[in-house]
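Asks: So you can see what is in the structure, the chains are spelled out below.
Protein chains: 2
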Amino acid sequence: MSMLTFVGLGIYDEKDISLKGLEAVKQADLVFAEFYTSPLAGRRLERMEEIYGKKIIVLNRKDLEEKAEEGILKEAKDKNVVLLSAGDPMIATTHVDLMLRAMEMGIKTRVIHASSIVSAVAGVCGLQIYKFGRSATVSPPFGSTISEVPYETVLENRRRGLHTLLFLDVGMKISEALELLEEVERRRERAGKEAGILKEVLFVGVARAGSETQVVKADYADALKRFDFGEPPHVLVAVGELHFMEKEALVRLASAPI
Amino acid sequence: MSMLTFVGLGIYDEKDISLKGLEAVKQADLVFAEFYTSPLAGRRLERMEEIYGKKIIVLNRKDLEEKAEEGILKEAKDKNVVLLSAGDPMIATTHVDLMLRAMEMGIKTRVIHASSIVSAVAGVCGLQIYKFGRSATVSPPFGSTISEVPYETVLENRRRGLHTLLFLDVGMKISEALELLEEVERRRERAGKEAGILKEVLFVGVARAGSETQVVKADYADALKRFDFGEPPHVLVAVGELHFMEKEALVRLASAPI
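Protein chains in written order, with numbering that gives the first Met the number 0: chain A, 0 to 257; chain B, 0 to 257.
The hints are simulated quantities; they were obtained by calculation from the structure and are not laboratory data.
Values in this document were obtained by computation on a predicted structure and should not be read as measured data.
Any given hint could be a false lead.
When chains are identical, the list treats them as one kind, so a pair holds in a single copy or across two.
[Claimed, not checked] Listed below are the simulated DSS-like cross-link pairs for lysine-lysine, each with C-alpha atoms no more than 25 Å apart in a straight line:
#1 K107 with K246
#2 K246 with K53
#3 K54 with K107
#4 K14 with K54
#5 K14 with K246
#6 K246 with K66
#7 K107 with K216
#8 K73 with K224
#9 K14 with K25
#10 K53 with K14
#11 K73 with K192
#12 K246 with K54
Next up, chain A with everything else stripped away, as it sits in the complex (with noise of 0.2 Å):
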């Protein structure tokens, strides 16, 4: 039967994938991946062709974006194919917009889910997932443009007690986004604005969640910014009032200085 399927593979490795998704994977006539939305992580192109026992084709933006009608949605109208992404599926607009474009061509589609770190990084470090307010994402600079947007993010969801997660732009370390951070608070310090949460706000930094080597550590800006995470993917924490429960989670999960 032809139709595209989002299958996800989860938060890290290869085996992080559903036996649902497998089995979609298994059944399709073509495979396709992307790593650009969301990086390959602990997976390796070969290892998941192994375990899939599937040849994948991995695509690009351009594949998925300009190109996708005479590219994966040509083939989607008469072929039963997968596009393979890690995370959950569709936490990217990208696919929410390709399965909208499928469906107007008539193509059937559909979603499965797998973990992400949107739903797992509360457990992981011990927060609770209803006090965690918006998320943002943090940028490299544009020129000398960064992005205040994840600073006043944790701002305004401090202002009501809440957590807030950072996710960090593919390939960036925590000490870089820390870095960028503090360049937004001495900017916004001479600009006048509301400012100083890098003193005063406890984050939690988090490597290669869901992993054999994922690591939490929690501490203030400048300590955290020395702290070896090893390599990507990284996410940061901004901590906002801290229940009890929390509280105590905190210093045994992410040996917090509280």
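With the hints as your guide, set chain B onto chain A.
Replies: Using the frame of chain A, we list chain B on its own:
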């Protein structure tokens, strides 16, 4: 090797467990499961035992809370024990607490993540994950007392243009949740508190997310209350400001009347 592994069963049925989770189950000496923090949904115990190739012992709240030390934790001191639960295992604070107690007893612990409504819901509705504010849970009345927290959370997020994920108590239906929100609104109006969201806010009801019978429907409270979503699990999303891409997706994926 003796240890306690928390394995997520994922979003809906027996096949939403990850390959890694299945391996942990197969290697376990004892496999427990609990379905009071998060529902069985599309799972059947017999199907799980058949597919996973293990006998599964279902535990209740008492077994995991007051009686854990003489039960599951005692077993994990010298056996390889797995605890299965729906969704991502660490969303439930009960499991974080159990993990900390295990660590105190010197028991090695491990978490194997899985798909969760927390990360899946955005894509299911076509909404952007970073535009979700804090979430809340709609619980049944306690005597004549109805929690105003879900209502206030929607108000607070809406002020900032954010979406709100409302978890429903295990087994609760969207219609019941909306009726509770309506009762809260009536009480707030009588008390002269800020109210009036139920006529103005677009809600998205999601039933059986991640299943073949998933239903996603967006409408205003009064109409949505009368829509037949079928069996739980159900969740609700209160929509904030919509990006044009979200608007298009909400129309296509949830037949939003906008």
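Asks: Could you run down the list of hints and mark each one as holding or not?
Replies: Taking the hints in turn, this is what the structure says about them:
For the identical chains of this complex, K107 and K246 are inter-copy neighbours only, at 21 Å across copies versus 47 Å inside a copy, given an alpha-carbon limit of 25 Å. Taking identical chains as interchangeable, the C-alpha atoms of K246 and K53 are never at most 25 Å apart, the minima being 46 Å within one chain and 37 Å between chains. Within a single copy, K54 and K107 get their C-alpha atoms as close as 23 Å, which meets the 25 Å cut-off; across copies the closest is 38 Å, which misses it. Within a single copy, K14 and K54 get their C-alpha atoms as close as 17 Å, and across copies as close as 23 Å, so both meet the 25 Å cut-off.
In this homomeric assembly, K14 and K246 never come within 25 Å of each other (Cα to Cα): the closest approach is 32 Å inside a single copy and 35 Å across copies. In this assembly of identical chains, the alpha carbons of K246 and K66 lie at most 25 Å apart only when taken from different copies (24 Å versus 49 Å within one copy). In this homomeric assembly, K107 and K216 come within 25 Å of each other (Cα to Cα) only across copies, at 19 Å, whereas the closest approach inside a single copy is 44 Å. In this assembly of identical chains, K73 and K224 lie within 25 Å of each other by CA distance neither inside one copy nor across copies; the values are 47 Å within and 40 Å between.
Taking the closest pair of Cα atoms, K14 and K25 come within 25 Å of each other both inside a single copy (15 Å) and across two copies (14 Å). In this assembly of identical chains, the alpha carbons of K53 and K14 lie at most 25 Å apart whether taken from the same copy (15 Å) or from different copies (20 Å). When the C-alpha separation of K73 and K192 is checked against a cutoff of 25 Å, the pair qualifies neither within a copy, at 51 Å, nor between copies, at 55 Å. For the homomeric pair K246 and K54, neither the shortest alpha-carbon distance inside one copy (47 Å) nor that between copies (36 Å) is at most 25 Å.
Of the numbered hints stated above, those contradicted by the structure are hints 2, 5, 8, 11 and 12, listed in ascending order.
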